[in-house]
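Colleague: Each chain, letter by letter, is given below.
There are 2 protein chains.
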Amino acid sequence: MIKKLLLGLLLASHVVCADDGYRLWLKYDPLPDATQRANYARSAGFIAVSGNDPVLRTAASELQAGLQGLLGKPVPVIGSAAGRTGGIVLQVGSDPALNREGYRLASRGNNLVVSANSASGVLYGAFALLRQVQTGASVANLSVTSNPKVKLRMLNHWDNVNGTIERGYAGSSLWKWYELPERIDPRYRDYARANASLGINGTVVNNVNASPRFMTDEYIKKVAALADVFRPYGIRVYLSVYFPASKVVNGPGKPALKSADPLDPAVRQWWAEKVNEIYAQIPDFGGFLVKANSEGEPGPQDYGRTHADGANMLAEALGTHDGVVIWRSFVYKPAENADRFRAAYEEFTPLDGKFHPKVIVQVKNGPIDFQVREPFSPLFGAMPKTPLAMEFQLTQEYLGFATHMVYEAPMFKECLDTDTHVKGPGSTVAKVIDGSLHGYEQTAMAGVANTGSDRNWTGHTMGQANWYAFGRLAWDHTLPSDGIAREWVQMTLTRQPKAVQTITDLMMRSREIYVNYTNPLGLHHIMGYGIHYGPEPWLDKAPRPDWRHTYYHRADSVGVGFNRTATGSNALSLYTPQVQQQWENPQTTPLPYLLWFHHVPWNQTLSTGRSLWDELCVRYYTGADSVRWMQQQWAQMKPALDPEQFDDVAGRLAVQQKEAIWWRDACVLYFGRFARRPIPAPFKAPDRSLEEVKRIVDIYQLR
Amino acid sequence: MIKKLLLGLLLASHVVCADDGYRLWLKYDPLPDATQRANYARSAGFIAVSGNDPVLRTAASELQAGLQGLLGKPVPVIGSAAGRTGGIVLQVGSDPALNREGYRLASRGNNLVVSANSASGVLYGAFALLRQVQTGASVANLSVTSNPKVKLRMLNHWDNVNGTIERGYAGSSLWKWYELPERIDPRYRDYARANASLGINGTVVNNVNASPRFMTDEYIKKVAALADVFRPYGIRVYLSVYFPASKVVNGPGKPALKSADPLDPAVRQWWAEKVNEIYAQIPDFGGFLVKANSEGEPGPQDYGRTHADGANMLAEALGTHDGVVIWRSFVYKPAENADRFRAAYEEFTPLDGKFHPKVIVQVKNGPIDFQVREPFSPLFGAMPKTPLAMEFQLTQEYLGFATHMVYEAPMFKECLDTDTHVKGPGSTVAKVIDGSLHGYEQTAMAGVANTGSDRNWTGHTMGQANWYAFGRLAWDHTLPSDGIAREWVQMTLTRQPKAVQTITDLMMRSREIYVNYTNPLGLHHIMGYGIHYGPEPWLDKAPRPDWRHTYYHRADSVGVGFNRTATGSNALSLYTPQVQQQWENPQTTPLPYLLWFHHVPWNQTLSTGRSLWDELCVRYYTGADSVRWMQQQWAQMKPALDPEQFDDVAGRLAVQQKEAIWWRDACVLYFGRFARRPIPAPFKAPDRSLEEVKRIVDIYQLR
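Chains H and L, in that order, are what the protein sequence lines are.
Going by full-length UniProt numbering, the first sequence opens with residue 1, and the numbers climb by one from there.
Going by full-length UniProt numbering, the second sequence opens with residue 1, and the numbers climb by one from there.
Just so you know, these hints were derived from the structure itself, not from any lab.
Take the hints with a grain of salt, since some may be wrong.
For identical chains, the list gives no copy identity; a pair is met inside one copy or between any two copies.
[Claimed, not checked] Computed list of lysine-lysine pairs in BS3-like fashion (alpha-carbon distance at most 25 Å, straight line):
hint : residue 1 : residue 2
1    : LYS658    : LYS684
2    : LYS221    : LYS247
3    : LYS333    : LYS354
4    : LYS498    : LYS684
5    : LYS498    : LYS541
6    : LYS247    : LYS541
Computed from a predicted structure; not experimentally measured.
Could you build the full structure based on these sequences and the hints that come with them?
Modeller: Right, dumping it as structure tokens:
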């Protein structure tokens with residue numbers, strides 16, 4: 001009977017139990033090797049935890065579920081290990097080697113002890129221990145100490161009230177606003193589990209282009225329901241703010257104001273009351289994220305005030321509550337002869353030292369907008385008195401949506417490891433962010449989420465690795481990209497060593513391949529208008545000059561590139577002399593940054609020995625060819641992978657291959673009209689005209 | 001080892017194998033009763049099918065997967081039953097008792113024979129046989145014959161190219177346009193399976209507010225890839241048409257035209273070529289669905305032509321291809337003193353007999369727009385020379401989105417069973433639709449889909465029943481609503497008899513309960529502006545008069561309701577005298593339709609013995625109270641249900657309860673200002689003011 005039922009279950013189960021990617025890296029299928037299971041089992045006889053702290057209980061239950069699945073045996077949770085050995089002990093203590101959220105994994109006698117100075121620390125330690133088992137690492141004589149380098153490790157969701165996600169490519173929003181607070185989607189909890197497993201401790205649930213609804217009692221109740229789900233996982237909720245909310249949001253029994261002027265006492269009072277209203281329902285509310293006077297969003301400048309005036313007003317409204325104001329520096333004003341590259345620096349550096357201690361300024365990694373490669377933002381290192389947070393983008397707005405495989409860790413690391421030289425050699429961006437360079441009290445790193453309601457969370461299965469890598473790097477920016485990739489592959493895709501190596505290698509090359517077939521040599525911002533899909537370097541009409549793509553590449557009969565040296569916009573001068581020196585001379589500027597700073601003649605010979613035009617073609621063609629190579633590599637992985645996950649990626653690689661050639665053809669045909677030079681051998685000129693390529697772009701711009 | 005692995009699988013499996021509703025009514029878990037399994041097993045020793053027809057192969061594999069799951073034993077598929085008994089034989093023959101898609105289930109000797117005149121017929125028969133087993137019906141001495149009453153049974157998807165769904169409440173579109181045609185989401189196949197199991201044989205994949213992208217080679221390729229997945233399930237793909245596509249869509253190598261005039265030879269040529277282009281890639285393409293000169297969509301009238309001119313142009317473009325043009329009659333023009341009720345009738349009846357034989361006119365069930373209750377559209381029966389298709393709405397645009405339990409079958413049946421009297425008594429709307437009344441060659445029924453990317457497809461688990469019921473009624477409109485509900489509950493939720501009865505009863509009452517707390521006595525179109533969420537009867541400003549809600553209810557100090565008799569708009573005159581007679585006298589008009597046709601004084605005594613005002617209050621209050629009753633009933637079902645499905649519905653019922661009171665309070669407070677009468681005992685006046693209720697509505701209108 002039971003056999004029959006199991007058979008039935010297995011026969012029917014393909015419908016529900018295929019690996020659809022829902023479990024992310026938290027896959028707890030039994031380890032295939034019985035000896036290995038037995039070895040781990042000897043150290044997992046029980047899980048001892050005392051007290052009823054909800055986060056500690058989470059640590060115990062996650063560890064239990066994980067180990068029971070991986071080891072294929074029940075693992076009891078008990079109150080005390082007194083007199084028992086061969087188990088795992090979870091405990092909160094006071095360990096000088098650990099900061100508030102750090103953890104220690106240590107063998108003590110015959111037990112494994114997971115200790116920390118807080119329940120969250122223990123939770124992170126529990127997941128770290130599971131990671132050891134999932135990746136087949138030994139747990140004998142364990143002695144691991146790990147402290148997060150950044151305090152606030154958060155996701156930013158650009159999710160709208162109507163369920164859409166700005167720049168989202170994985171379905172609709174995870175948050176069901178019409179169902180909350182009464183109905184709790186089981187997925188909310190799984191979202192929290194995934195974040196907690198990485199040490200992510202905060203989430204901004206709504207778009208920075210914020211709806212004022214979130215400042216109403218109706219929606220605060222909904223957000224509070226989410227916060228209740230996230231709390232046991234050590235995750236705090238933050239809200240994006242519509243700056244003039246005081247003008248549109250009523251009481252109850254309290255009329256909206258005529259103003260949103262941050263220096264108006266009535267406005268300040270309005271926000272003080274709003275803050276108290278929020279904390280009454282969300283006692284651990286994290287604070288506000290603000291996009292103001294940016295891309296049409298209103299802000300303090302509408303009242304002749306500064307960003308500091310606006311941010312400080314909100315910070316003072318937070319009063320004694322344990323919350324912060326995260327103010328975005330992403331601003332730029334339309335102006336024909338200005339350089340968007342300079343905008344944030346010019347608006348924000350004069351305000352250094354003028355911000356309230358509760359304010360953090362959140363800066364995108366580069367000066368423009370999440371391009372495939374950008375020089376680091378000149379703001380990093382330029383505001384010693386103001387805590388600066390890093391804003392990375394996980395969702396692939398400029399990286400091929402959900403059909404291009406682009407592993408982002410190397411891109412994040414590239415920025416974090418860059419030396420700003422503001423306090424001499426070794427003044428890396430990472431040290432600005434983790435507070436060590438300027439002694440910031442507050443430190444934060446944010447990732448614009450790539451999650452959505454798609455079953456596998458990120459659309460592209462490989463996109464899960466970007467969520468994973470962001471979390472790991474926010475915890476410890478010194479972790480190597482390839483190590484993070486290897487870990488993720490083992491936990492998510494396969495433990496077969498050759499496959500782990502091959503897929504890790506693919507991931508490590510993927511971003512540079514994408515750069516080559518889309519924006520080589522420092523080209524930037526030439527993607528399809530509005531939707532940011534496909535190539536559109538020819539775009540020379542738009543509502544504002546800095547939305548035209550000819551503004552960025554400046555191709556002409558002489559050459560291509562944006563001269564940002566002293567003879568051009570001189571944006572280069574915003575950096576320290578040592579950095580300027582790296583990038584000021586077109587002869588010596590590293591090729592990846594060349595066209596970011598220089599207008600280079602088509603016939604200029606580069607360090608590769610090729611002319612600029614030839615080099616450009618070589619990169620576009622080899623980039624597109626590399627996608628074929630990626631497909632071939634992936635095809636060989638089939639035996640080591642779950643069929644559904646294999647097919648998902650194989651299908652997306654086929655799209656990527658088609659679009660890589662689309663990008664290549666569009667760009668060599670378009671720039672070729674200026675260069676008036678042939679495609680260098682051995683490459684063949686595209687077998688279609690620029691007009692044919694443009695036609696495809698136009699199709700995707702139709703209503 | 002195997003035991004360990006299974007244990008591990010079971011311990012870990014809760015993560016993936018909870019009943020998240022993905023399988024819909026195609027749940028093939030082992031039947032709990034071993035004797036019952038054994039009984040069925042005796043008739044399921046094998047499945048015999050010959051030939052390689054893809055649809056026949058589908059029938060065999062679906063039957064195999066279903067029976068293997070339900071019976072917990074392997075069921076081999078073999079080529080011929082020659083000399084074997086105790087199995088199932090699938091065969092295509094020529095059976096005069098069956099139409100092209102009908103099927104017969106018959107015991108022959110010791111075998112069960114599923115026969116039909118086409119492979120699709122066999123497929124539908126196979127699912128019918130599975131339904132017998134799923135619902136515990138006997139398969140001994142089986143003799144079932146079933147023929148679909150309508151030829152085209154289709155879903156209309158209002159899905160946009162950006163992945164959003166107009167009036168969709170279950171996540172984003174199922175169609176991943178940026179991944180197609182290279183990547184095929186496994187879900188496409190499961191979508192086809194669900195439809196085929198109901199006999200749905202067509203799907204319009206894009207919104208009637210159509211993007212011209214679908215008329216480009218780029219998108220036709222994508223649609224063709226979907227058609228390839230659907231074909232083995234007997235489902236044909238249709239496309240909504242942007243009427244002036246010829247003005248915006250280029251070749252390849254073929255410029256767009258200056259015109260979209262249906263009588264312009266160049267335009268007719270353009271469409272003829274476009275049709276050939278489509279059929280070259282989709283040989284079984286079903287045809288076009290058109291929304292023209294409606295709500296701002298362009299159409300033939302822009303060129304001084306009629307709907308017939310436009311539809312006939314497309315029909316002639318289809319030429320000899322086996323496709324149809326489905327032209328929607330949903331039109332109404334802004335005019336202060338017109339009655340929107342009359343618009344479609346006035347525009348379309350003069351065109352009767354002027355349409356090409358390939359044209360079907362698709363009419364919404366009621367004259368306005370999918371309101372909670374509408375009188376049948378006066379077009380039914382008024383166009384004897386023009387095949388009319390029924391358009392029902394499954395997605396709950398006006399029925400509480402995805403948080404209100406409203407079983408729609410009784411609403412569909414209410415319309416289908418109404419007697420138009422156009423050919424004497426018994427001239428029901430159903431007989432118009434199935435062609436029997438006027439001898440239509442073409443017959444069709446369409447449901448505006450409630451599907452989306454949410455894991456359970458429809459957001460509200462109970463919403464699956466509306467998809468199911470539509471499919472069953474499109475096949476056979478004589479099926480009883482409660483029978484369909486019972487079937488669906490047994491296949492989807494539980495087989496526990498008491499629970500089946502209670503849940504069926506809940507479903508059967510659900511729509512009337514919704515009517516009572518939102519639009520009792522024939523009130524209509526008083527929902528929140530634009531988003532159609534919540535109540536907004538006070539709306540008296542809008543871009544067009546017929547978008548104001550005061551236009552519909554016309555409340556004043558005397559009474560409420562829209563006088564559509566001879567002393568009013570006289571829309572009533574569009575019906576036959578017999579129908580007019582039912583609705584012309586406010587004393588005798590059935591209360592559900594009262595305010596559709598009459599402006600009734602607040603103090604008028606109704607057939608219930610109560611004044612209009614008191615009756616209105618009784619319905620709003622009892623309606624809202626009934627939701628509590630629904631919650632109590634559901635709570636008692638817990639032991640009989642899967643925990644996840646139980647929680648899903650329980651959570652949504654809690655939202656429904658809150659919103660029912662919101663509707664009640666909004667409407668009694670608003671209409672009370674005109675009636676100037678107290679809330680009748682025993683009911684208590686709302687404990688909040690109209691302003692407070694309006695405030696909540698305003699919140700949901702914020703950007």
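Colleague: Can you give the numbers of the hints that this structure goes against, from lowest to highest?
Modeller: Violated: hints 4 and 5.
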